[in-house]
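2 protein chains.
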Amino acid sequence: MLEKIGTFHFVTESYLLDFRGRVTIPMIGNYMLHAASNHASLRGFGFSDMTEKHTAWVLSRLAMEISRYPAMSEPVALYTWIGEAGRLFTQRCFELVDAAGNPMVYARSIWAAIDMQTRRPTPLDVEALSVYIADKSCPVEKPGKISPVENETEGVPYKVKYSDLDINGHLNSIKYMEHLLDLFDLDLFTAKEVKRFEIAYLSEGRYGMPLTLHRKETAPDKYNMAICHEGKAICRATASWIVR
Amino acid sequence: MLEKIGTFHFVTESYLLDFRGRVTIPMIGNYMLHAASNHASLRGFGFSDMTEKHTAWVLSRLAMEISRYPAMSEPVALYTWIGEAGRLFTQRCFELVDAAGNPMVYARSIWAAIDMQTRRPTPLDVEALSVYIADKSCPVEKPGKISPVENETEGVPYKVKYSDLDINGHLNSIKYMEHLLDLFDLDLFTAKEVKRFEIAYLSEGRYGMPLTLHRKETAPDKYNMAICHEGKAICRATASWIVR
Numbered sequence: 002m003l004e005k006i007g008t009f010h011f012v013t014e015s016y017l018l019d020f021r022g023r024v025t026i027p028m029i030g031n032y033m034l035h036a037a038s039n040h041a042s043l044r045g046f047g048f049s050d051m052t053e054k055h056t057a058w059v060l061s062r063l064a065m066e067i068s069r070y071p072a073m074s075e076p077v078a079l080y081t082w083i084g085e086a087g088r089l090f091t092q093r094c095f096e097l098v099d100a101a102g103n104p105m106v107y108a109r110s111i112w113a114a115i116d117m118q119t120r121r122p123t124p125l126d127v128e129a130l131s132v133y134i135a136d137k138s139c140p141v142e143k144p145g146k147i148s149p150v151e152n153e154t155e156g157v158p159y160k161v162k163y164s165d166l167d168i169n170g171h172l173n174s175i176k177y178m179e180h181l182l183d184l185f186d187l188d189l190f191t192a193k194e195v196k197r198f199e200i201a202y203l204s205e206g207r208y209g210m211p212l213t214l215h216r217k218e219t220a221p222d223k224y225n226m227a228i229c230h231e232g233k234a235i236c237r238a239t240a241s242w243i244v245r
Numbered sequence: 002m003l004e005k006i007g008t009f010h011f012v013t014e015s016y017l018l019d020f021r022g023r024v025t026i027p028m029i030g031n032y033m034l035h036a037a038s039n040h041a042s043l044r045g046f047g048f049s050d051m052t053e054k055h056t057a058w059v060l061s062r063l064a065m066e067i068s069r070y071p072a073m074s075e076p077v078a079l080y081t082w083i084g085e086a087g088r089l090f091t092q093r094c095f096e097l098v099d100a101a102g103n104p105m106v107y108a109r110s111i112w113a114a115i116d117m118q119t120r121r122p123t124p125l126d127v128e129a130l131s132v133y134i135a136d137k138s139c140p141v142e143k144p145g146k147i148s149p150v151e152n153e154t155e156g157v158p159y160k161v162k163y164s165d166l167d168i169n170g171h172l173n174s175i176k177y178m179e180h181l182l183d184l185f186d187l188d189l190f191t192a193k194e195v196k197r198f199e200i201a202y203l204s205e206g207r208y209g210m211p212l213t214l215h216r217k218e219t220a221p222d223k224y225n226m227a228i229c230h231e232g233k234a235i236c237r238a239t240a241s242w243i244v245r
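These protein sequences, in sequence, are chains A and B.
Under this note's numbering, the first sequence has 37 at position 36, and the numbering climbs by one with no breaks.
Under this note's numbering, the second sequence has 140 at position 139, and the numbering climbs by one with no breaks.
There could be a bad hint or two in this list.
Which copy is meant is left open, because identical chains are indistinguishable; a pair holds if it fits in one copy or across any two.
To be verified - Calculated cross-link-like contacts (lysine-lysine; reagent style DSS-like; alpha-carbon spacing at most 30 Å):
| hint | residue 1 | residue 2 |
| --- | --- | --- |
| 1 | Lys217 | Lys143 |
| 2 | Lys160 | Lys196 |
| 3 | Lys143 | Lys223 |
No lab work stands behind these hints: they were computed from the structure.
Since the model is a prediction, treat every value here as computed from it, not as a measurement.
Bound-form chain A, shown alone (with noise of 0.2 Å):
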C-alpha cells in the first residue's frame, strides 16, 4: 500500500507570480489540485478510475489559510491526505511548507461525486477512501455558512468565456477565485494580503452565462463575495485581509 500522505515538489515559477513577486491564491490552487489529482490517481481513484464509473469528482468547499506566501524561485512542498471519508462528501487536507519545513498554507477541502449523466451526487467508495485517511493536523477552520451578498450589492458584469472551460465544459473551479479577487483593488493588495479563503461551489458556470460577482465587508477586513446568474448565486467566497 502506498502511503497515506503525498508529497508533492514545487518550485514557484517566475512568470506566474503576481505583481508583489509572490505566488497568488489561484496558483495554491492549482498545486492543489495537482497533488489532490496525482494523489488520487496513484490510489486507485482518480479521474480515469471514476471515468470509467461514469462520475466524476467535483470539488464542493475549499478553505485555505496561508501565513507566508511562497517567493520567487522558492522550493515548496505540498503535503495531502484524506481527513475524513463519508457517503456523500469526503475531506482531503493539505500542507504547503517551506524548504525548510515550516507551513506556509493550509487547507481543508470537501469534494463529492457526480454522476457524469445526470450530474447529481453519487455515494462514493467509503472503503476505499477510508483506507487513506491519515491522522495529522489540519489547523485550518471548516468551511462554513458565506452569508449571502448579492442583495445589497450591484455586481459586476462578467459573461463566462472559452478560457474559463474545464474539460467538462463548465466554469473552472480557480477561475471562480481569479475573477473573485480581481474585485479587490491593487492597492488593498499593496497594503494587505488574505489570510484566509473561502470558496463554496454551489452550481456550475457554463460558456456564455451571462454572470454578476458581488462583492460586500461584512466586518473590518472580511468579505464576503457571491457569483450570480440570473440573481441566483452559483458560488460563494470569503477573504480575510491583514497586513503583513
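Put chain B on the given structure of chain A with help from the hints.
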C-alpha cells in the same frame, strides 16, 4: 558546458485542459516560458542574472504552429535552443514532441533585453548567447508583420485586473493570448482548431488600463487581432484555423 538544446518534460494536467480535453495555446505558452526560463538560468542568462545587471528579458514576438494538441495526461517533451543571437534581439526556438518523439508544436520566439530603469532596449551579450546557438531545424515561418484591424472593428472593452499582472506589474504575456482567444466563439473551437498563432508585443499593459480587443477575418479562417489602449495597439496577433 551544458548541452545547447534543453529538454523539459511535462505531463498534461486534466484540470488545465480546455472543454475539448486539449491543452490550450496559453498553456503551451506556459510550457515554453518554463523551458525558456530554466534553459536560460542554467546557462547563466536567466531572470536573476539579468536582474543583477538591472535588465530583464522581454518577449517581443512568438509564432507557434500546432499540428496536434496534447491530450489528457499525455507526457510531452519540449526542446528549446537559441536560433540566432543579435545585438538587440535573440531568437529562441521550441519543439514539442509526444512520447514517441513525433513533433506536435514548433515555435519561434524573439526576445529583447530592457533596462529596468529606463524600460528601453539594452544590448545583449551576443558572445555568451552565441555559444548556445544550436543548428536544429525549426520549421515555423518567422513572425512577420501583422496588419492593423483596430480601425475597422469596434473592439470589446477590457480593463487590466490584478490577475493579469506579472511580477513587473505589467499585463502578463500569457494573459494577452488568453484575452485574444476569448474573442472567438465556442462554436469555432468545436469545429476547428488553431494551426498557427502569432503574437507581437508592442507595449506594456498596466493595471486599470482600459483596453479594446479587436478581431477581424482577413482571409478565410485567418484572423488578425489587436489589443489597443486609447486607439494605439499594444499588441497584434494572428490566428489561422483549420478543420481536423
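* Identical-chain pair category, Lys143 with Lys223, by Cα at 30 Å -> within (17 Å within a copy, 51 Å between copies)
* **Alpha-carbon proximity context of Lys160 and Lys196, limit 30 Å** => For Lys160 and Lys196, the Cα distance is within 30 Å both inside one copy (29 Å) and across copies (26 Å).
* Asked: Is it within, between, both or neither when you check Lys217 against Lys143 at 30 Å Cα-Cα?
  -> within (22 Å within a copy, 49 Å between copies)
Comparing the model with each numbered hint stated earlier shows that all of them hold.
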